Every structure is written in C-alpha cells, then in structure tokens.
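*Asks:* Take the sequences, apply the hints, and build the full model.
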Amino acid sequence: MSKARISPLRSGFVHLALAGYTVIALFPVVLTIINSLKDKNAIFRTPLALPTAETFSLIGYATVLKQGDFIGYFQNSLIVTVVSIFFALLFGAMAAFALSEYRFRGNTLMGLYLAIGIMIPIRLGTVAILQGMVAAGLVNTLTALILVYTAQGLPLAIFILSEFMRTVSDDLKNAGRIDGLSEYAIFFRLVLPLVRPAMATVAVFTMIPIWNDLWFPLILAPGEATKTVTLGSQVFIGQFVTNWNAVLAALSLAIFPVLILYVIFSRQLIRGITAGAVK
Amino acid sequence: MQISARPRRWHILVFLLPAFIVYSAVMILPLVETLRLSMFNTVDGHSTFVGFANFQVLFGNERWAADFWRALKNNFVFFAIHMLVQNPLGIALAAMLSIPKLRLAAFYRTAIFLPTILSFVIVGFIWKLILSPIWGITPFFMDIVGLKAFFAPWLGKPGSALITVSLISVWQNVGIPMMLIYAALLNIPDEVIEAAECDGITGWSQFWKIKLPLILPAIGMVSILTFVGNFNAFDLIYTVQGALAGPDGATDILGTLLYRTFFGFQLQLGDRSMGATIATVMFLIILAGVSLYLFGIQRRVRRYQF
Numbered sequence: 001m002s003k004a005r006i007s008p009l010r011s012g013f014v015h016l017a018l019a020g021y022t023v024i025a026l027f028p029v030v031l032t033i034i035n036s037l038k039d040k041n042a043i044f045r046t047p048l049a050l051p052t053a054e055t056f057s058l059i060g061y062a063t064v065l066k067q068g069d070f071i072g073y074f075q076n077s078l079i080v081t082v083v084s085i086f087f088a089l090l091f092g093a094m095a096a097f098a099l100s101e102y103r104f105r106g107n108t109l110m111g112l113y114l115a116i117g118i119m120i121p122i123r124l125g126t127v128a129i130l131q132g133m134v135a136a137g138l139v140n141t142l143t144a145l146i147l148v149y150t151a152q153g154l155p156l157a158i159f160i161l162s163e164f165m166r167t168v169s170d171d172l173k174n175a176g177r178i179d180g181l182s183e184y185a186i187f188f189r190l191v192l193p194l195v196r197p198a199m200a201t202v203a204v205f206t207m208i209p210i211w212n213d214l215w216f217p218l219i220l221a222p223g224e225a226t227k228t229v230t231l232g233s234q235v236f237i238g239q240f241v242t243n244w245n246a247v248l249a250a251l252s253l254a255i256f257p258v259l260i261l262y263v264i265f266s267r268q269l270i271r272g273i274t275a276g277a278v279k
Numbered sequence: 001m002q003i004s005a006r007p008r009r010w011h012i013l014v015f016l017l018p019a020f021i022v023y024s025a026v027m028i029l030p031l032v033e034t035l036r037l038s039m040f041n042t043v044d045g046h047s048t049f050v051g052f053a054n055f056q057v058l059f060g061n062e063r064w065a066a067d068f069w070r071a072l073k074n075n076f077v078f079f080a081i082h083m084l085v086q087n088p089l090g091i092a093l094a095a096m097l098s099i100p101k102l103r104l105a106a107f108y109r110t111a112i113f114l115p116t117i118l119s120f121v122i123v124g125f126i127w128k129l130i131l132s133p134i135w136g137i138t139p140f141f142m143d144i145v146g147l148k149a150f151f152a153p154w155l156g157k158p159g160s161a162l163i164t165v166s167l168i169s170v171w172q173n174v175g176i177p178m179m180l181i182y183a184a185l186l187n188i189p190d191e192v193i194e195a196a197e198c199d200g201i202t203g204w205s206q207f208w209k210i211k212l213p214l215i216l217p218a219i220g221m222v223s224i225l226t227f228v229g230n231f232n233a234f235d236l237i238y239t240v241q242g243a244l245a246g247p248d249g250a251t252d253i254l255g256t257l258l259y260r261t262f263f264g265f266q267l268q269l270g271d272r273s274m275g276a277t278i279a280t281v282m283f284l285i286i287l288a289g290v291s292l293y294l295f296g297i298q299r300r301v302r303r304y305q306f
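Line by line, the protein sequences give chains A and B. The numbering used here numbers the first residue of the first sequence as 1 and each following residue consecutively. The numbering used here numbers the first residue of the second sequence as 1 and each following residue consecutively.
If you're looking for bench data, these hints aren't it; they were derived computationally from the structure. Among the hints, a few may not be true.
To be verified - The following residues of chain A were derived to be distant from chain B, with all beta-carbon distances above 12 Å:
id	residue
1	Val23
2	Leu37
3	Leu50
4	Asp69
5	Ile71
6	Gly72
7	Ile79
8	Gly117
9	Thr167
10	Pro197
11	Ala200
12	Ala225
To be verified - DSS-like cross-link-like pairs, simulated, lysine-lysine; straight-line CA separation at most 30 Å:
id	chain 1	residue 1	chain 2	residue 2
13	A	Lys40	A	Lys66
14	A	Lys40	B	Lys157
15	B	Lys128	A	Lys66
Values in this document were obtained by computation on a predicted structure and should not be read as measured data. A virtual CB, placed ideally from N, CA and C, is assigned to each residue, including glycine.
*Replies:* Next up, the structure:
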C-alpha cells in the first residue's frame with residue numbers, strides 16, 4: 001500500500017487546523033474544571049490560570065455536597081441507566097434472535113414495526129406517556145423512567161444485534177440442536193456469548209442519551225427523591241446562578257463520571273460508530 | 001405471528017414478546033394515543049371529538065398562531081445553521097483525520113468527540129458562563145485579536161440569541177457527522193484511491209471528484225439524523241434560555257413550545273389537547289423528512305459496491 005505522501009507543508013496545515021479545533025472542543029471543559037478548584041477572586045481575576053497554592057479552594061464542592069443531594073442523584077441516574085440498558089439489551093437480543101434466526105409469517109413486518117422507533121423519537125408520545133404513568137401510579141418513580149428508556153433503547157438494539165446475529169455460524173447452532181440443546185439454551189449459551197462485543201457497543205450507544213436526558217426526568221420524575229444527575233444539576237445550578245464556585249463545582253461533578261467512562265470506553269465507542277456506519 | 005401447521009414454535013413468541021410488549025405499550029401506543037388526542041378537546045368538561053379544530057386554532061388563532069409560526073420558523077433556522085455549519089465542518093474534520101499515517105489522529109478524534117457525550121445541561125451552562133459579560137472570558141479573547149468592540153451579550157439579544165444557541169449546539173454535536181463521515185472515508189478501498197493517483201488526481205481534486213461522490217450516502221444519513229434531532233430538540237434551549245425561550249421568545253422552537261403548552265408555565269395552564277396537537281405537527285414534520293429521505297434521497301443516491 002504505497003500512498004502518495006502528502007507534503008510537509010500541507011501536513012503542517014492539517015495539524016494546525018485539527019489542533020486548533022481540538023482546543024475549541026476541549027477549552028470550555030478544561031476551563032470549567034480548573035476554575036472549579038479556585039477561590040472566588042481567582043475565578044474572576046485570573047480565569048485562565050491553573051489553581052495555585054494560594055488560589056486553590058474546594059469551597060464550591062463543599063457547598064454543592066452540602067446543599068444538593070448529589071450522591072442521591074448519582075444513585076438514581078446509575079440505577080435508571082444500568083437497569084434500562086440491561087432490559088433493552090436482554091429483550092432486544094431476544095427479539096433480534098427471533099427475527100434473524102427463524103422464518104415465520106410476519107417476520108419482515110415485525111422487523112419494520114420494531115424499527116419505527118429508530119427514526120421517530122419517543123418524546124412525541126409524551127402527552128400520552130404521562131397520562132399512562134399517572135394512571136398506573138408510576139409518576140415520580142424510577143420505574144417510569146426505566147420503562148421509557150427501555151422502550152427507547154429497544155429499536156436500535158434490535159436493529160444492530162440482528163445484523164450481528166446473522167453472522168453467527170449456522171453449523172454451530174445446528175450442532176447444538178443435534179446435541180439436544182433447547183432453543184433457549186442455544187440463544188443463552190451459544191449465541192449471546194458470541195455477540196458480546198456487539199452488545200457492548202449497543203450498551204455504550206444507549207447509555208449516553210439515557211444518562212444525559214433532561215426531558216423525561218423533568219416530566220415524569222421531577223420529585224426530589226427521583227431526580228437524576230442531569231435534572232439535579234439543572235435545578236441546582238438554576239438556584240445558585242450567582243454562586244460561581246458552586247455552579248462550577250456542580251458542573252465539574254456532572255462532567256467527571258462521564259469523562260472517566262469516556263476515557264475508558266472511547267475506543268469501544270468510536271469503533272462501534274465506525275463499524276456501524278459501514279453497514 | 002401465526003406459526004405454520006407444524007408443531008407450534010412457542011419459543012419464537014417467547015423471544016419476541018417482552019420487547020414487543022414494552023415497545024408497544026410505552027412507545028407506539030402513546031404515540032398513537034397522542035395523535036388521537038390531537039383530534040379531541042374539552043368541551044363543557046367532556047372530552048369531545050373536534051376533528052381538525054385544534055389544528056385550525058394552532059395555525060390561525062391569534063393567541064396560538066404567532067407563537068407556533070415563530071417556533072416553526074426558528075426551528076428551520078436552527079436546522080439550517082446545523083446543515084450549513086455543523087455538517088460541512090464535520091466533513092472537513094473527517095477528511096483531515098482520514099489522511100493516511102497522520103500522527104495524533106486518534107487523539108484529535110477522541111478530543112473532538114468529547115463534547116458530544118456531555119449532556120445538554122452541562123454544555124448549556126458552560127457556554128452561558130463563557131459568553132457571560134460578568135466573567136469576561138469571551139471579551140478577553142476578542143481583545144487579543146482586536147475585536148473587543150464587537151462583543152455583545154449575544155444570548156440576551158433577540159437578534160443574535162438563536163444563532164448563538166444554534167452554534168453552541170453545533171459545537172456539541174459536530175462529533176456525530178465527523179465520525180460517520182470518517183467511517184465512510186475509511187471504507188473507500190485503497191485501490192480506488194491508488195487508481196486516482198495513477199491518473200494524477202490528488203489533493204483537493206481527489207477529494208471533490210473521487211471521495212465526495214463516494215461518501216454521499218453517509219452525508220444523506222447525517223442530514224436526516226440532524227433533521228430528526230433538530231426538530232425534536234429541547235434540552236439545550238431549556239437550559240440556556242429557560243422554558244420561555246427568551247429573550248422575548250427569540251429562541252423558541254417546537255420542543256420548547258410543546259413543553260410550555262402541554263405542561264404549562266408560570267401563569268399559563270397546561271393544555272393537553274393543544275400539547276398533543278403540537279406533538280402531532282412535530283410528528284408529521286419528522287415523518288415527512290424521514291419519508292423524503294427514505295424514498296426520495298436514499299434510493300436515488302448512487303451506491304458503489306466494493
């Protein structure tokens with residue numbers, strides 16, 4: 001594979017442009033984090049400087065942890081995200097297996113029906129979703145959010161997983177059948193372990209919009225006990241607009257977990273996007 | 001799901017049922033019910049079928065129409081800015097990242113995608129702080145390049161608020177077109193590029209004449225994702241400008257209008273029927289866009305099989 005090398009001048013320009021945009025992408029985040037670690041004077045006087053021994057202060061974090069129940073918000077977000085992803089993956093994989101493995105009447109129709117949700121956002125049904133949750137007595141419970149996010153995650157999970165399940169070898173499954181495995185055992189013991197990488201990709205994709213959503217927590221579960229971290233920081237920051245230390249600390253607290261997960265999973269995520277787009 | 005005359009294959013039903021039930025009960029039925037509710041309104045305390053009267057009110061009544069048409073217009077401006085800034089920028093970044101053997105490419109890619117995974121709430125507040133005249137970060141930087149005189153509290157001015165919010169959204173979401181186009185570019189086989197090089201087509205003309213036509217399907221997909229995302233947007237504007245989408249409604253789009261109408265805000269009472277009506281209009285707009293893409297664009301774009 002010999003490619004025409006690009007000239008050093010052109011590659012210099014390319015690096016300049018990419019590095020320039022990288023700065024634009026990272027600067028606001030870095031600015032928020034470094035200023036969350038400074039005292040109030042330093043935030044305004046030297047906003048671009050790193051915290052030094054004199055200007056270092058954790059007063060913002062102290063305010064946030066005292067005033068808002070951030071630990072509780074984290075817990076709620078974590079429960080909602082993990083449980084929704086679990087069900088979306090389990091039910092999604094089961095449906096994907098049925099659609100890709102068996103030929104039955106209505107297979108294509110069912111596949112199309114389950115794919116509607118990829119393009120049509122679930123938010124448009126909010127009026128009736130709220131009505132249904134009120135009727136079921138689920139308003140201000142995490143269950144309401146889990147149900148909504150499971151339904152939201154299903155279409156894409158089914159779509160991606162059934163693509164992958166088509167690649168699992170038929171010989172393997174038939175060997176299992178000859179050995180007397182039930183269809184359930186074939187799914188849970190043979191197929192699921194083989195599509196684990198695809199499940200991880202789907203999990204990462206599904207996780208981001210759930211963790212970041214503001215709309216449904218605001219409408220279905222705005223109570224103090226069920227606030228997610230996104231809604232919690234939205235409300236908290238709204239109340240503390242003038243306390244810059246607290247606002248910056250709250251923002252940083254909301255950024256950290258996402259940042260840590262991103263550093264760990266960015267390869268997986270990026271590989272998932274690039275592999276998905278190939279289809 | 002009628003299963004043939006052979007022994008009934010119950011396992012198919014067992015595999016499909018959980019997903020089918022949750023998806024139908026929480027997504028499809030509420031959607032259908034919302035569409036149905038848009039044809040009803042409360043008359044004398046009873047829910048009554050009113051046909052298209054709600055739509056007539058929304059499009060023509062003086063109390064509703066002005067808000068609705070403004071939100072619709074703003075939503076189109078919001079979408080246009082994404083198409084004109086976000087997607088070309090995403091394509092340019094992807095084109096540079098896909099240069100073979102570029103050093104640091106993985107680092108650039110990871111860094112530029114970072115804002116995309118942050119929540120709208122975080123992004124909204126960070127930019128509100130940065131653009132705030134009180135903190136003075138933006139005027140400081142504009143001073144360095146000698147443009148301080150042009151600084152204004154953009155988010156607070158009706159003339160510039162919508163553009164500013166749209167650009168914040170572009171900053172956050174540019175990672176999506178970048179990644180999808182990047183994947184499409186990587187997918188072009190080396191032989192095609194080598195053949196072009198043998199014919200002396202390199203650099204810019206190679207991008208315009210060889211690569212761009214090959215990534216058109218990906219650009220189509222990015223456009224429809226942008227369209228659906230924009231006509232369903234809410235979080236960023238709610239965070240930055242509040243439910244009233246100020247100043248003076250200058251940043252009001254369909255998502256914020258739906259929220260205020262359905263849920264009520266301050267003195268305004270929530271109105272379920274009108275909320276359903278707005279949601280139905282949004283549904284029809286998105287459906288029209290998706291259909292146009294599926295039947296008009298996606299079929300006509302020439303795909304090259306490698």
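*Asks:* For the pair supplied as a hint, Lys40(A) and Lys66(A), is the alpha-carbon distance within the 30 Å limit?
*Replies:* holds, 18 Å
*Asks:* Would the non-interface assignment of Ile79(A) survive a Cβ cutoff of 12 Å against chain B?
*Replies:* holds, 17 Å
*Asks:* May I ask you to check that Leu50(A) keeps its beta-carbon over 12 Å from the closest beta-carbon of chain B?
*Replies:* holds, 15 Å
*Asks:* Quick one: work out the minimum CB distance from Pro197(A) to chain B and report holds if it exceeds 12 Å, violated otherwise.
*Replies:* The claim stands: Pro197(A) keeps its Cβ more than 12 Å from every Cβ of chain B (closest is about 17 Å).
*Asks:* Would the non-interface assignment of Ile71(A) survive a Cβ cutoff of 12 Å against chain B?
*Replies:* For Ile71(A), whose nearest Cβ neighbour in chain B is about 18 Å away, the distance exceeds 12 Å, so it holds.
*Asks:* Would the hint linking Lys128(B) and Lys66(A) be met if the CA-CA limit is 30 Å?
*Replies:* holds, 24 Å
*Asks:* Can you confirm whether the C-alpha distance between Lys40(A) and Lys157(B) stays at or below 30 Å?
*Replies:* Measuring from Cα to Cα gives roughly 28 Å; hence the hint holds.
*Asks:* Does Val23(A) clear chain B by more than 12 Å, comparing its Cβ with all Cβ atoms of that chain?
*Replies:* Val23(A) not clear of chain B: closest Cβ-Cβ about 9 Å, inside 12 Å.
*Asks:* Is the claim that Gly72(A) lies outside the interface with chain B correct, judged by CB distances over 12 Å?
*Replies:* holds, 17 Å
*Asks:* Test the statement that Gly117(A) is away from the interface with chain B: the closest C-beta pair must be farther apart than 12 Å.
*Replies:* violated, 6 Å
*Asks:* Decide, holds or violated, for the assertion that all CB atoms of chain B are farther than 12 Å from the CB of Leu37(A).
*Replies:* holds, 15 Å
*Asks:* Taking the closest pair, is the beta carbon of Ala225(A) still more than 12 Å from chain B?
*Replies:* holds, 20 Å
Checked against the numbered hints given earlier, the structure breaks hints 1, 8 and satisfies all the rest.
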